[in-house]
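2 protein chains.
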Amino acid sequence: MPETPRPALSGSDRTRLRRLRENGRTDRSELDAVLAAGFLCHLGVVLDGAPMVVPTVYGATADTLYLHGSVASRSLVAAPEATVCVTVTHVDSLVLARSVFEHSVNYRCAMVYGVPRQVTDAEEKLEGLRVLSEQAAPGQWDYARRPDRKELAATTLLALSLDEASVKISAGPPEDGDGPDAELGLWAGELPLHQVWGEPVPDPALPPGLSAPSHIVARVGRI
Amino acid sequence: MPETPRPALSGSDRTRLRRLRENGRTDRSELDAVLAAGFLCHLGVVLDGAPMVVPTVYGATADTLYLHGSVASRSLVAAPEATVCVTVTHVDSLVLARSVFEHSVNYRCAMVYGVPRQVTDAEEKLEGLRVLSEQAAPGQWDYARRPDRKELAATTLLALSLDEASVKISAGPPEDGDGPDAELGLWAGELPLHQVWGEPVPDPALPPGLSAPSHIVARVGRI
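Protein sequence lines, in the order shown, are assigned to chains Z and Y.
Using this note's numbering, count along the first sequence one by one with no gaps and you end on 285.
Using this note's numbering, count along the second sequence one by one with no gaps and you end on 285.
Same shape as in the complex, but just chain Z (with noise of 0.2 angstroms):
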């Protein structure tokens, strides 16, 4: 993260907020945020005039969002060419409200905009590696075995400016306590849902006796 404060998020006409302004964010540090919490993004391409959506993991800086896969896959030999959409969801709750109407979910969401530029340089496909490998599984880039020349090039990296984002955020109980719905007498609320990392499985292969390193299982509990 840089020590200067950071540029408040860019508008275009595709991340201005058509509806529900009020849960639309403009501090870069929310964005920031949204894409420190997940590894799993929604990469949305134009494929044939159909759009694609393909889950895939990926690595934030402050400026560059990282995305891989297989030389094979389709979206992104498909991404450089165009622009593409990635979407990052973290839902918190079920807001529950005294009508089915006013039922809805809290999430922070981000989405960046952006034409994808295919990394070749050597030193920069390393490190955008490392940042994506580090954001789902951190620690295991000093643990594992890192890779090598052949499986750098059979590597696809892409990266996306974060020029182009916005954020929305949707927190809060359901709005409906105020309205003639709180005369039914329900009871309304929001029910929170959490991801929580679980116990290590070990490899079925692995010799008898090696256990799971302590920045794996320190993830225990948490996410």
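Simulated from the structure, these hints should not be mistaken for lab results.
All of these numbers come straight from a predicted model, not from anything done at the bench.
Certain hints may be false.
Put simply, identical chains are the same to the list, so a pair is met inside one copy or across any two.
Cut-off 16 angstroms, straight-line C-alpha distance, at most; resulting in silico cross-link-like pairs (EDC-like, lysine to aspartate or glutamate) [what the hints assert, rightly or not]:
#1 Lys212 with Asp183
#2 Lys212 with Asp75
#3 Lys212 with Glu185
#4 Lys212 with Asp243
#5 Lys212 with Asp125
#6 Lys212 with Asp240
#7 Lys212 with Asp154
#8 Lys212 with Glu226
#9 Lys212 with Glu245
#10 Lys212 with Glu196
Since the structure of chain Z is already known, use the hints to place chain Y on it.
Here is chain Y on its own, set in the frame of chain Z:
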């Protein structure tokens, strides 16, 4: 669910898997299971030639996916005119291998392509909204106040056929347990990721002494 055997998932050029074919499933019950396990999808549409991927809730029957949103929502206004791609993803675990290159994610993913139909029939609209509501918040359709005529008119409901769909499921330990990297003596395995419902948080506007109904409390600690 129908009691007759369901046809296999249809192949189309889009849904045919280009890579990791061993992860592909053709049994329609696998699609049912992936869709039944969630309530949030990522809807991809093409808008002004660019992809847009937005998170939204869905409800699934044996042959139809229902999506809804405000009439004002851009994505749903655009969607009825063209093909959409709806993707539902569940992350089950991180696959921590001996090499960074072999790291991956175990997941279940369904992708559905089609041109959605806007539901205008009042009876189907109500039934679709019930399916959608019960998928995210089972029990609330009977507990909360159902949509009135005005609310129904303000809701856009889209129906997407499940005819063109694919399912990918990735499971199991890392794949480098019998390769040269096994000699490195590193721990390898899976780190499971669980989604768990937390304790209900009452709306601060509730009168004192009103407790959450049993169909909500019963979900706590489960997914």
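Right, here's what the structure says about each hint:
{"no.": "1", "hint": "Lys212 with Asp183", "verdict": "within (15 angstroms within a copy, 58 angstroms between copies)"}
{"no.": "2", "hint": "Lys212 with Asp75", "verdict": "neither (42 angstroms within a copy, 31 angstroms between copies)"}
{"no.": "3", "hint": "Lys212 with Glu185", "verdict": "within (15 angstroms within a copy, 59 angstroms between copies)"}
{"no.": "4", "hint": "Lys212 with Asp243", "verdict": "between (64 angstroms within a copy, 15 angstroms between copies)"}
{"no.": "5", "hint": "Lys212 with Asp125", "verdict": "neither (28 angstroms within a copy, 45 angstroms between copies)"}
{"no.": "6", "hint": "Lys212 with Asp240", "verdict": "neither (63 angstroms within a copy, 19 angstroms between copies)"}
{"no.": "7", "hint": "Lys212 with Asp154", "verdict": "neither (41 angstroms within a copy, 29 angstroms between copies)"}
{"no.": "8", "hint": "Lys212 with Glu226", "verdict": "neither (34 angstroms within a copy, 37 angstroms between copies)"}
{"no.": "9", "hint": "Lys212 with Glu245", "verdict": "neither (67 angstroms within a copy, 19 angstroms between copies)"}
{"no.": "10", "hint": "Lys212 with Glu196", "verdict": "neither (21 angstroms within a copy, 50 angstroms between copies)"}
Comparing the model with each numbered hint stated earlier shows that hints 2, 5, 6, 7, 8, 9, 10 do not hold.
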